[in-house]
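Quick mapping for you: the protein sequence lines, in order, are chains A and B.
Its first residue numbered 1, the first sequence is counted upward by one per residue in this note's numbering.
Its first residue numbered 1001, the second sequence is counted upward by one per residue in this note's numbering.
Note that these hints are calculated values from the structure, not bench results.
Mixed in with the good hints, there may be bad ones.
[Claimed, not checked] Simulated restraints on C-beta separations:
| # | chain 1 | residue 1 | chain 2 | residue 2 | range |
| --- | --- | --- | --- | --- | --- |
| 1 | A | Ala1 | B | Arg1063 | 22 to 28 Å |
| 2 | A | Asp26 | B | Asn1017 | 35 to 41 Å |
| 3 | B | Glu1101 | A | Pro41 | 21 to 27 Å |
| 4 | A | Asn67 | B | Arg1063 | 41 to 47 Å |
| 5 | A | Ala71 | B | Thr1113 | 48 to 54 Å |
| 6 | B | Gln1095 | A | Glu29 | 17 to 23 Å |
| 7 | B | Gly1096 | A | Asp26 | 22 to 28 Å |
| 8 | B | Asn1017 | A | Ser7 | 37 to 43 Å |
| 9 | B | His1073 | A | Leu84 | 36 to 42 Å |
| 10 | B | Lys1052 | A | Asn62 | 34 to 40 Å |
| 11 | B | His1073 | A | Asn62 | 22 to 28 Å |
[Stated by the list, open to error] No farther apart than 25 Å at their CA atoms in a straight line, the calculated lysine-lysine pairs in the DSS-like style are these:
| # | chain 1 | residue 1 | chain 2 | residue 2 |
| --- | --- | --- | --- | --- |
| 12 | A | Lys78 | A | Lys110 |
| 13 | B | Lys1041 | A | Lys110 |
| 14 | B | Lys1040 | A | Lys78 |
| 15 | B | Lys1036 | B | Lys1009 |
| 16 | B | Lys1022 | B | Lys1009 |
| 17 | B | Lys1071 | B | Lys1052 |
| 18 | B | Lys1071 | A | Lys107 |
| 19 | A | Lys107 | B | Lys1052 |
| 20 | A | Lys110 | A | Lys55 |
| 21 | B | Lys1019 | B | Lys1071 |
| 22 | A | Lys107 | B | Lys1036 |
| 23 | A | Lys107 | B | Lys1040 |
| 24 | B | Lys1036 | A | Lys110 |
Every residue, glycine too, gets a C-beta built ideally from N, C-alpha and C.
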Amino acid sequence: AQTVTQSQPEMSVQEAETVTLSCTYDTSESDYYLFWYKQPPSRQMILVIRQEAYKQQNATENRFSVNFQKAAKSFSLKISDSQLGDAAMYFCAYRRRGGSEKLVFGKGTKLTVNP
Amino acid sequence: DTAVSQTPKYLVTQMGNDKSIKCEQNLGHDTMYWYKQDSKKFLKIMFSYNNKELIINETVPNRFSPKSPDKAHLNLHINSLELGDSAVYFCASSQGGVPYEQYFGPGTRLTVT
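Using the sequences and the accompanying hints, generate a full structural model.
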């Protein structure tokens, strides 16, 4: 079974600084997708960024980028120029390739942004 | 327009009652899901339906019964509610094919007293 591990229950960062959230996963599949979701206090789950395992290039979305290391099964999220609105729970998630596959989530990292 | 909607957003009920949570998506997706987020924020799949057919049924008590009247709706009925059922329940949907991302509803916070 696939598992996702987020080893940092909590992280904090100063506004305008950069922070990296860690995620590792375990799978025997070669084709899959990885995601970072953000859950602010409103509890809405918001997709931040996704990575296709077959792509070597790391995904980037504005201030958010990932460091995808397939051999190491590592998928970290870097947030640059942190903003107060980035404060939230961040969940790393794995999904096998396939139309109806489930998301397997890590336990989340609570990010605090200090002004 | 709301892509994935759930009703109600909050539900407070007593042990032993039966309750339902409704979910609707207007994205034209063919797959819908129910996830449970426990008090420690851990999210886990419960069920998924593809074109009204049950695809995933994780280890969930049979007091939980999903129903999909059409591919835009997926409801969750819970019988004989227990204290441990207190959680946030999220509905999500996706469309077969890349990029496989799932769109989540706002969640329903269920409190059993």
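Hint by hint, here is what the structure shows:
Taking 22 to 28 Å as the suggested C-beta distance range, the pair alanine 1 of chain A and arginine 1063 of chain B conforms, at roughly 24 Å. The given range of 35 to 41 Å is respected by aspartate 26 of chain A and asparagine 1017 of chain B, whose C-beta atoms sit roughly 40 Å from each other. Checked against the given bound of 21 to 27 Å, the beta carbons of glutamate 1101 of chain B and proline 41 of chain A, roughly 23 Å apart, stay inside it. About 43 Å separates the C-beta atoms of asparagine 67 of chain A and arginine 1063 of chain B, a value consistent with the hinted range of 41 to 47 Å.
The hinted window of 48 to 54 Å between alanine 71 of chain A and threonine 1113 of chain B holds, with their beta carbons roughly 50 Å apart. Between glutamine 1095 of chain B and glutamate 29 of chain A the C-beta distance comes to about 21 Å, which sits within the given range of 17 to 23 Å. The beta-carbon spacing between glycine 1096 of chain B and aspartate 26 of chain A, approximately 25 Å, falls within the hinted interval of 22 to 28 Å. For the pair asparagine 1017 of chain B and serine 7 of chain A, the beta carbons lie near 40 Å from each other, so the given range of 37 to 43 Å is met.
Taken as a hint, the range 36 to 42 Å holds for the pair histidine 1073 of chain B and leucine 84 of chain A, whose Cβ atoms sit roughly 37 Å apart. In this structure the hint that lysine 1052 of chain B and asparagine 62 of chain A lie 34 to 40 Å apart at CB holds, the actual value being about 38 Å. For histidine 1073 of chain B and asparagine 62 of chain A, the hinted distance range of 22 to 28 Å is not satisfied, since their beta carbons lie about 34 Å from each other. Proximity of lysine 78 of chain A to lysine 110 of chain A is assessed by CA-CA distance (about 14 Å); at most 25 Å being required, the pair is judged to hold.
Between lysine 1041 of chain B and lysine 110 of chain A, the direct Cα distance comes to roughly 10 Å. Compliance with the 25 Å bound is thereby established for this hinted pair. Distance check on the hinted pair: lysine 1040 of chain B and lysine 78 of chain A sit about 24 Å apart at the alpha-carbon level, within 25 Å; holds. For the proposed pair lysine 1036 of chain B and lysine 1009 of chain B, the alpha carbon gap of about 14 Å is at most 25 Å, so the pair holds. The hinted pair formed by lysine 1022 of chain B and lysine 1009 of chain B meets the criterion: a straight-line CA distance of about 10 Å does not exceed 25 Å.
Between the alpha carbons of lysine 1071 of chain B and lysine 1052 of chain B the distance comes to roughly 5 Å, so the proposed pair stays at or under 25 Å and holds. The suggested pairing of lysine 1071 of chain B with lysine 107 of chain A is violated, with an alpha-carbon distance near 30 Å, which exceeds 25 Å. The straight-line distance between the Cα atoms of lysine 107 of chain A and lysine 1052 of chain B is roughly 30 Å, outside the 25 Å bound, and the hint therefore fails. Under the criterion of a C-alpha separation no larger than 25 Å, the hint pairing lysine 110 of chain A with lysine 55 of chain A is inconsistent with the structure, at around 28 Å.
The hinted pair formed by lysine 1019 of chain B and lysine 1071 of chain B meets the criterion: a straight-line CA distance of about 22 Å does not exceed 25 Å. Between the alpha carbons of lysine 107 of chain A and lysine 1036 of chain B the distance comes to roughly 13 Å, so the proposed pair stays at or under 25 Å and holds. At roughly 8 Å between alpha-carbon atoms, lysine 107 of chain A and lysine 1040 of chain B fall within 25 Å of each other, so this suggested pair holds. Only pairs whose Cα atoms come within 25 Å are accepted, and lysine 1036 of chain B paired with lysine 110 of chain A is accepted, the gap being roughly 19 Å.
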